[in-house]
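**Q** Chains as they are written, first to last, in the numbering used here: chain A, 1 to 133; chain B, 134 to 266; chain C, 267 to 399; chain D, 400 to 532; chain E, 533 to 665; chain F, 666 to 798.
Derived by calculation from the structure, the hints in this document are not laboratory data. Values in this document were obtained by computation on a predicted structure and should not be read as measured data. Some clues are possibly wrong.
If we take Cβ atoms under 7 Å as the criterion, some of the chain A residues that face chain F in the derived model are [said to hold, decoys possible]:
hint	residue
1	G50
2	K106
3	S114
4	V115
5	R121
6	L130
7	I132
Even glycine gets a Cβ: it sits at the ideal position worked out from N, Cα and C.
Protein chains: 6
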Amino acid sequence: MISIVVKPVLSRNKGGYVRRNILDLNTFNERRKLLNQKLNDSDNFFSEFGSLDDKVYSEGAIPKKYKELTGLSISIFSKCEECIAYHMQKCKEQGCSKGEVVEAIKIAVVGGGSVTYPWARKTIEIMDVLEIE
Amino acid sequence: MISIVVKPVLSRNKGGYVRRNILDLNTFNERRKLLNQKLNDSDNFFSEFGSLDDKVYSEGAIPKKYKELTGLSISIFSKCEECIAYHMQKCKEQGCSKGEVVEAIKIAVVGGGSVTYPWARKTIEIMDVLEIE
Amino acid sequence: MISIVVKPVLSRNKGGYVRRNILDLNTFNERRKLLNQKLNDSDNFFSEFGSLDDKVYSEGAIPKKYKELTGLSISIFSKCEECIAYHMQKCKEQGCSKGEVVEAIKIAVVGGGSVTYPWARKTIEIMDVLEIE
Amino acid sequence: MISIVVKPVLSRNKGGYVRRNILDLNTFNERRKLLNQKLNDSDNFFSEFGSLDDKVYSEGAIPKKYKELTGLSISIFSKCEECIAYHMQKCKEQGCSKGEVVEAIKIAVVGGGSVTYPWARKTIEIMDVLEIE
Amino acid sequence: MISIVVKPVLSRNKGGYVRRNILDLNTFNERRKLLNQKLNDSDNFFSEFGSLDDKVYSEGAIPKKYKELTGLSISIFSKCEECIAYHMQKCKEQGCSKGEVVEAIKIAVVGGGSVTYPWARKTIEIMDVLEIE
Amino acid sequence: MISIVVKPVLSRNKGGYVRRNILDLNTFNERRKLLNQKLNDSDNFFSEFGSLDDKVYSEGAIPKKYKELTGLSISIFSKCEECIAYHMQKCKEQGCSKGEVVEAIKIAVVGGGSVTYPWARKTIEIMDVLEIE
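Bound conformation, chain A alone:
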């Protein structure tokens, strides 16, 4: 299932744990792309909607970096794991720092409450995989 974004192996290591499965995010990306293509092939609506979404997140009155951080906050707030995996990679591309990502998580958690915590955890996990520092 696509819902399995990252499957870190729990290797105990001095005071923490080490992951070795960076490739899983690649698998997510590959399957996401294939399924989006299937949606696009099924009806013009999906490429038009996708194009609208891309335009909304393009550079504009609000810089793209801050749009991606907002997209990340909304992804956590709305409990959407794949949305988190997608926007985190965009945040990485935009050069977001760990400090910025953490603040985006805080906005989501204070706004959406403790039921967002599992998705805050997923975000911190993906932040490690992407080596955002």
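Assemble the complex: chain A is given as a structure, and chains B, C, D, E and F must be docked to it using the hints.
**A** Showing chains B, C, D, E and F alone in chain A's frame:
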């Protein structure tokens, strides 16, 4: 976990991918049935609620086929993977075409926005497994 | 506020009550149109999104009537009063019967639970105003 | 509209404000009852669903008082003003104290975050109207 | 009710309408403050939660202006009218332009779909009242 | 992924099935703890928020046991699998009976409708793992 509805093996194949895991939907159905039985055994409430749900989705002023398509739209809109797996099988039973399923996805996506996309992808994936054409 | 769709005057009348404020739905429509125009004027995105939405709800593999009933179910499910007011008028235009509207309410209530009840009540109220029978 | 539960008149008064519109909650109750009756008359589903809901909230393994407080927490969490008005009156009937109601609000706010605050405010407002102390 | 943020009088005027009720936002602010005070008086939890919320939205790795715009997007996405009224005033204080507010609306609408439209309309309405240009 | 709380092996057994994976809940707890620690290390906000959450669920005007049952209802209502796994263990600690847990499930299902059913099933599954009777 029940949440793993379909676990397609990613076998690259000319321009797409092939799945070989149709049985996973059977596993989902079997486990869903067993756990629903446990709920029903725990308290009369659950069989009464389930019976109400069945009646709502029975043939009526709105034909059953269109009710199942509405159920599918709501399942995607509310980001409920198991609900999608359930209503997709009902859509198959009602003889829904790919065109009808795709329109039900579109209603969910335009109504619920891009955060529903991961569930639109799950639907298109299950549509393949069920060979709805 | 636009959120006041209908403001029926509570005139006790043999076993029920009479409303006299059909015009309030007109006010809603007029203000909705003006504000949508302001959105459209602010950025192309809104007319493009609105156009996508219109296309999704146009006649297709699923007949427009059943799409509008699905839109109504989703509006109640998602607790959106203005969406209800909008789709109920579309249901009226499509010649939906009271029986069909009631079934759309039932799908929303069984799917979304008792927290949708206030919006089920708003729907039955608007059904009266629109004289859907 | 039913959505107007209480319309307190803002009369400034030493360090606070006084309300004089206790009757509005009566209006809410009266209209809620009439519209629920209309729903019940439209289809057996609604009286069956309502009956299930009543049974869930009856005395049981969990005392009715704590069920009503849970119902209040869920009403705030799900941002449902009429649900709050309903469960607050049930809490009053069950003899809930202000301390208990405040704790139910806290569970909703910490679970659902700052977007639940407007409904926390509505609850505190209705608590005053109902003179829960 | 607090839920009535702005009650514009519909005065037809060359191709549009004029509002004269800027004071209603003041009423919202005043009542919001009084009810928050009642919450704070009822239990320390609320001032601690409120303080956490203030800290999250303070200047940091993400500039306060972009945090407020994110808060606005989440407010629209989560269909919270009072949250919109609150964050719009904060956006005004941070000197946000109309272009920035419109982009925040777009992020919410593309992410949350057409069910967020009524709240997009409320935002554009408040933008007028606040004379954000 | 943390989202895999319990992975029961489906061993057919006279009229039911046997599980052998009680350890998976331990894995969930261990990983949850490690990731929460990472969140706490990233910013003071998270330990402050976590501390607020702990205080809300501490013994008070509402007994801790009933708070945990409310937390369980909200977890099912909000479709949060990890929240269910967390509160179920707290319910176990508080000595909740199967009858009480089943009533908390019923409150969630009647309030949130059939889209909560998959999470009701997860709860009944975890109840078995925890041997709540």
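**Q** Please go over all the hints and tell whether each is borne out by the structure.
**A** Cross-check of the supplied hints:
no.	hint	verdict
1	G50	violated, 26 Å
2	K106	holds, 5 Å
3	S114	holds, 5 Å
4	V115	holds, 5 Å
5	R121	holds, 4 Å
6	L130	violated, 14 Å
7	I132	violated, 11 Å
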